[in-house]
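Student: Protein chains in written order, with full-length UniProt numbering: chain A, 1 to 297; chain B, 1 to 315.
If you're looking for bench data, these hints aren't it; they were derived computationally from the structure. Note that the structure is a prediction, hence the values are computed from the model and not measured. No false leads were mixed into what you were given.
Derived DSSO-like pairs: lysine-lysine, alpha-carbon spacing no greater than 30 Å straight-line:
#1 B:K20 <-> A:K103
#2 A:K108 <-> B:K26
#3 A:K288 <-> B:K121
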Amino acid sequence: MVKDNSLSTRILTLIVHTTMIFVLIVTLYPVLNVFASSLSSADANNRGIITIFPIGFTLDSYKMIFTAGAVPRAFKNSVVYTVVGTLINLILTTSFAYPLSRKNLPLKSFYTWLVIITMYFSGGLIPLFILVKNLGLYDTMWALILPGAIHTTNLIIMRTFFQNIPHELEESAYLDGANEFVIFTRIVLPLSKAALATVGLYYAVGHWNSWFNAMIFLSDQKKFPLQLVLRDIIMLAQTLQQAAEAGDLSARQELGLINAKGVKYATLFVSMVPMLAVYPFVQKYFVKGVMIGSLKD
Amino acid sequence: MEVTMSKNETFQNGFKRFWKSMKKTKYLHLLALPGVLYYIIFHYIPMYGVIIAFKDYNFRKGILGSEWVGFKHFIRFFENPFFWRLIRNTILINVYQIIFVFPLPILFALFLNELRDGFYKRFVQTVSYLPHFISLPAIIGMMVMFLSPTDGVVNMILQKMGLPTIYFMADPKWFRPLYIISDIWQHLGWGAIIYIAALSNVNPELYEGAVIDGATRVQMMRYISIPSIMPTIVIMLLLRIGHIMSLGAEKVLLMQSPLNYETSDVISTYVYRRGLVYGEYSYTTAIGLFNSLINLTILIIANRITKRVTETGLF
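Hey, can you work out the whole structure from these sequences and the hints?
Tutor: Below, the structure is given as C-alpha cells:
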C-alpha cells in the first residue's frame, strides 16, 4: 500500500483517534465510576472523591441490598419476567415469521397487511390499558408479557433470515414425508441459531430494562421488577432533595438517612450487569440484524 | 345465461383451488394463528377502542354502552391553555434530536471506518454499544447522582472553579440539553451500526483504485465513503422526520417534575398523567388519536418521499 503522508491525512488521523479515545472515556467512565462507588466506603462516597477505583473497599452496599429491602425480590421478578417473556416472544415471533417467509402461501398478503398497518397506526395507551383490564391481566405478570409478545421489527428480521435459508433443504425433507411443522422445528429453527440469539437478546434487553408497563399494569409492589424499584429509589431521592432544598427540615433528615450513596450505586450496578455481561457475546450478529430490521425489502 | 354460469363456475373453481392450496399448507396457517391472534387482540382491539375518544367512557357501561359526545374532547384539548406548550415541547425535542443526535452516529461510523481492522477497532465498537444496554431508570439515576446539587461530581467541580451550584434536574432551562446529551451518550454507538453496515458493503476496489490515483484519506472519505452511505442517511433522516410528532413518555417521565413542566411536558406524558393518574380516559384517548393522525400523515408523506428518492420504502 502506498503511504499517504499528506497533511490532511495526518490531521484526520489525529481527529479520529482523539474522537475514539474521547468516546471510550465518556462511555466507560460513568459506568466504572458507579461500580467503584458501589464498592467504596460510605465515608469516601460522601466526600465524593471516587474516580474509577474503589476507595476504602467494602462489600457492605451489596450485602445491604441483597439482605434487606425490595431488591432481592425485584431481581427475582425481573429474571422470571425476562426468561418467560423472551421465551414467549421467540415462540410467537418465529412461528409467525416462518409462514410469512414462504413464497406463494395463500393469504400471505393478508397476514402481511395485518402486520404493516400496526406499524403506522395504534390505538394508544388508554385503549390498551382498558383492554388489559378487561382481559383480567391487570396486576399479573402476563400484563408485562402478552401485550408485547411480538415486536414487528424482530418479526421482519426473523422473516428475512428464514427467506435466506436454501429452499431445497425444505423441499427434500418434504419429499421424505415431513410436514411443514416438522420442517420448521427440526430443520429451519436449528439453522437459525444466529438470528435466534440476536432477536432473543433484543427481547431480553427489552424485558430486563422495562419499567413503564410495570408501573401502569402492576399495583402489587411484591410483583415489581428491578427497574421499577430502582426508579422508585431514584425518584424518592430526587423528591427529597428538592424538598430539602426548599428548606424542608424533615426531608433533609430523611435524605441523610437514605443517602447511603453506595447502596444507590450498588442497586444501579446490579440493574445493569446482566445485560452488559451478555451483549458482547452476541454482538457479532448485530450489524446484520439491524440492517435487515430497518431497511430490507 | 351461459355467461353467468361460466362465471359462477370459474368462481367455484377458483375457490376450490384456493381451498386445496389452503389444505396443502394447513400447518403453516396453524403456525401463523397465534401471531394473527396476537395482532388482532393487542393491536386491532385497541384501535377499535379509540372510539371512546368520541364518547364519555364509563368503565361500567363499557366501550359500546357509553354515550356519544362527538368532538367534545378534541375541542377541549384545542382550547386547553397548555395545548401549544405540549405541541412545542414535543416538536422541539424531536427537532433538537434531528439536529444534534442524528448526525453524530454517521460521523462516528465514518471515523470507525478509518481504523484498521483489529482489536482496537473491535474494542471501541463493543464499548460504544454499551450504553444501549443500560436501562433508562439507570441512566437517569446516574444523571441525578452525578448532577446532584449537594453531592454530585459535576457541581463539586463547578464549586471548585468558583462557579455557582446548578440544580440541573429541577431547572426547566436544563431539561432539553440534558435530554439530548444523554440521548447522544446512549445511542451514538448503536445508531452507527446501520452506517457501519453500509460502509462495509462498499466495493474495496473503489478505495484501491483511489489509492493508485493518489487520493488522500480525506478525499476517499469525501468522494467514496460519504456518497456510498448517502442513501442510508436519507432514508434514516426521512424516517426520523416521520416521527417528529411522537415522543415516548418513558424517558421524559423519569426526568420530569412539576418544577420543569414548562419545557418537559409533552403530549405523551400529558396523556399518561391525565389519563392514567386522573382517569380521564376519553379526553386523553382523543389527544392520542389527534397525535397519531398527524403522525400518520407525516409518516406517509415521508415514506412517499423516501420511495421516490431511494426506490425503497419501509417494510
